[in-house]
Amino acid sequence: MIKHQVNNPEERMILVCCGTGCLANGSGAVYEELCRALEGNDRYQVKTFAKATGCNGLCEKGPLVKIMPDDITYCHVQAEDVSEIVEETLIKGELIKRLMYRDPATKQYYRSHHDTDFYKKQHKVALRNIGEIDPAQVQDYLERGGYQALEKAIKTMTPEEVIEEVLNAGLRGRGGGGFPTGLKWKACAATDKQPRYVICNGDEGDPGAFMDRSILEGDPHTVLEGLIICAYAIGASMGYIYVRDEYDLAVKNLTTAIKDARKCGYLGRNILGSSLSFDIEIVRGGGAFVCGEETALINSIQGNVGEPWDKYIFPTEKGLWEQPTVINNVETWANVPVIINAGSDKFASIGTEGSKGTKVFSLVGKVVNTGLVEVPMGTTLREIIFEIGGGIQKGRQFKAVQTGGPSGGCIPEKLLDLPVDFDTLSQAGSMMGSGGLIVMDDRTCMVEVARYYVNFLAGESCGKCVPCREGISLLLDILTRICEGKGKLEDLDLLESMSKTIQQAALCALGRTAPNPVLSTLQYFRDEYLEHINNHRCPAGVCKELTEFYIDPELCNGCGRCRRKCPADAVTGEKKKAHEIDLSKCITCGECINNCKFQAVKVK
Amino acid sequence: MKIRIDGMETEVTSGETILEAARRAGIDIPTLCYSEAFGGQGVCRFCMVEIEVGGKKRLVASCTYPITEEMEVRTATPAVKEIRRNLVTLLYRRAPDSDLMKKLFQEYNCDRIEPVDPEESCIMCRLCVKACEKVGANAISTVLRGTEKRVATPFDEGSEECVGCSACADICPTGAIPVKEEDGRREIWHRSFEMSRCEECGKHYTTQPVSEHVKEQTELNSSSENICPGCRRKKLAAEMAKVRLHVD
Amino acid sequence: MAVNSQQAADRQAIEKIVNSYPPERRFTLAIMQDLQKHFNYLPKEALQMTAVHVKAPLSAVFSMATFYKAFSLVPKGRVILKVCDGTACHIKGSNVMIDEIYKTLGIKPGETTPDGEFSLETVNCLGACALAPVLVANEKVYAKITPAVLRDVIKKYQGVEQ
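Protein chains in written order, with the working numbering: chain R, 369 to 972; chain A, 552 to 799; chain D, 2 to 163.
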């Protein structure tokens, strides 16, 4: 136990992270147990209560419990730990070492998560409230300055001034396109048609991205406030939030938030005494990645299949029910109240020349600190992955980072010092997308990764236009052949030629960006393709037909870990003697190589 | 407003598509999913052209691009030709059993490609779905998505809405919709319809639901004959001839 | 008799769900979602009644039912295994888990065992990437699964009756 100075606060708040990652790890039970333990809390010196919050971002260490204002963070907390937390920390004022955050590299213990590298290098704007408030309580949002931006806009600014402010802030769409938000609003306001609509695009479908989910779950009012401010600026009467139906908690918290906002007079007729009348409805998505595309999303809201149309006339002119419509992504909306509150100059002081503000990334894959991070635009990939993310898991070798979701690209080690913004990522053959950052190590096969994304898109393409539907089908066919060791050198030319046609001719952004994973891996990891084709070998040991594992007797010390982990009983060997793999039994699942601490398992 | 298409100046009305303007000017842009009756669908992308506005070039689908400003259109640049050739390769790979795709495959000098299903002939141009919609039956639609997408009736069963008019099969450019006519019956889309005979020549010419539908409509016009289009033309010509005689 | 009363109850349930929305095309998706949740699939009759209610052709409703991944036209198994195949899970071996399920139960993604016990689905990303690879069995989340854990989970559900 370590003694710590109790701040002797007037009241003490215990925040239990109930984001998706923590909930899946059992934080719901922790919260319930805490509530039970705190009932009839006459043993505490001060009023103590528990709150369930949204995602804190450090999902790897969940479930997280924070004690405020003492600023103590406990990691991997289970319901069984609650009585100890109550006895030792809340009553005796002592820290519990085994629950404290321990830096994986320096082995140093931290009292508060705020002091760790993971948080120190972050700059929270869109995520400013998440993890600090109970998303189901409008009061919590109000206490942190919620709806002040709306009041400021309605009471002290004209709609034109609001648009001007967003324009000057340099805010660009966080959903992928990076289109200037203010320009969208301006174009919509300039039309002569009524009614007008605003839409929040919460159909987050990128595999490996969950920032929108976190915002909708953890701070729904900020999204509502953004929408209402826009409605005031462009003169909209109705707003729709399109959210994935699988996001149960997001739908639940949004529903509560909308009800509370109506009660408080932020939604409904004559909002805050102004002439603005505006309401918001939730539309649950049906499970289609393509609905993240604006026109497909509009079609879906209208009760059709989610097929896009040619956007030669923008939705700002002809959108939902052919009326002027502004669509922005969840994270974009979360930035709007901050811009109005702090002013465009302040907002624009963060970030790079062409990309202002911060960006939320979901840092996942083979990285130590998996989670949600928010950093100023222009932060380098190296800082994000190695300083915030803590580097590669199990001491393995970094190979690539995939950005931008299925239509993004894979960026190699030589570009790690790239300052990340909309433009630099595009130049590197990838894109910002919604902000997925998937870290890959030497156990990731880049050909198989390309195949994975193309396979994903084959199922998620709406199938309307020929280049996307048939082109992806052909790309998948070729990539599968290469992964099975049946590829030919000419295949690479065909991949490139067809990819170009898909980029140029496909109807929507999904199709036009679909070849990115193929083209970027061909550009940066061509040697892996050649290894598959010429030598029938998968260097990462992923493509089963092309993989043989063996144990290097020089390196193996016979610890037996691989033998115990092998689900096929293919590893044999005596204790403390070099082990062997029986290839006739091996199912090449990779459990041995993944679990060997001595890098003794190799790919032939 | 005036625009230039392949160097030729042509008058256009604002909002008109590039394809419409080009066709009027006698410039051929190839299409696979376009029909004047339904307008542009933007599905096949065969009609991609290059446009240049204010010095900026981009590739667009001419069947859906509305002209709202002055521009230069080029319908056969190397990039456009490469797109068309690749699209033919892709569609031949999908529908190798269609005469149209076999012909285009030769015409565009495409490289050999392994077909997915040698017996497939549908290119998913969706003209059948549009035709069915136009007839008012809405018996077929696209189903599934992605590479699995196809045209079908609900549950792949005979649809109550289908009247057996075969407008879908008639408009299909690749003959992909099977229609069987035998012993006074027509089989189409999992259904079998009894056919009506022409009162003049005695040939089966349409299905009963269709002729009933026509009868309902035409009774208002006091004409209730069951006559096939061929005989109707002949009859009309004869009547016209009579009229002329009277005049003479 | 039992069959008829079941049919009547189903019909009533469909009517209740369908009529809880205004008769407008834009509610088609919401109606189908509620139907899917209630029946665990979309019965034919339910789609027909939806089409009539929202005044849309049956073909259009069927088109939607096959387009969106949330819907199924056949009843799903008693235990629904969802393997997350988001990128984080994929590079941490979700395909190995899918293979393992095929070996144990003989079903591929989208299939149901002949006895109607297990269905296997893959889902895009559950947003629990820190727990990769993730398996969800009837809404219960299993984190960082391995082939061995997977076999235990399946065994557990095989033993449990409804």
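If you're looking for bench data, these hints aren't it; they were derived computationally from the structure.
Hints are supplied without guarantee of correctness; some may be wrong.
[What the hints assert, rightly or not] With beta-carbon atoms standing in for the labels, derived distance ranges:
| no. | chain 1 | residue 1 | chain 2 | residue 2 | range |
| --- | --- | --- | --- | --- | --- |
| 1 | D | Thr105 | A | Pro729 | 51 to 59 angstroms |
| 2 | R | Gln670 | D | Val53 | 33 to 41 angstroms |
| 3 | A | Ala789 | D | Asn20 | 38 to 46 angstroms |
[Claimed, not checked] Simulated pairs of lysine to any residue, SDA-like, Cα-Cα distance not exceeding 25 angstroms:
| no. | chain 1 | residue 1 | chain 2 | residue 2 |
| --- | --- | --- | --- | --- |
| 4 | R | Lys912 | D | Val150 |
| 5 | R | Lys620 | D | Ile155 |
| 6 | A | Lys654 | A | Arg609 |
| 7 | R | Lys856 | A | Glu665 |
| 8 | D | Lys145 | R | Gln967 |
| 9 | R | Lys475 | R | Phe766 |
| 10 | D | Lys145 | R | Arg764 |
| 11 | A | Lys632 | R | Glu864 |
| 12 | R | Lys782 | R | Gly722 |
| 13 | A | Lys632 | A | Pro729 |
| 14 | R | Lys953 | D | Tyr22 |
| 15 | A | Lys607 | A | Pro647 |
| 16 | D | Lys104 | D | Val150 |
| 17 | D | Lys56 | A | Glu665 |
| 18 | R | Lys686 | A | Arg609 |
| 19 | D | Lys109 | R | Thr848 |
| 20 | R | Lys854 | R | Ala877 |
| 21 | D | Lys38 | R | Thr623 |
| 22 | A | Lys553 | R | Glu864 |
[What the hints assert, rightly or not] Okay, the calculated bits of chain R under chain D, using three or more residues with CB under 8 angstroms as the criterion:
| no. | region |
| --- | --- |
| 23 | 430 to 439 |
| 24 | 728 to 740 |
Glycine included, C-beta positions come from ideal geometry on N, C-alpha and C.
Which of the listed hints are not met by the structure? 1, 2, 3, 5, 6, 13, 14, 15, 17, 20, 22, 23
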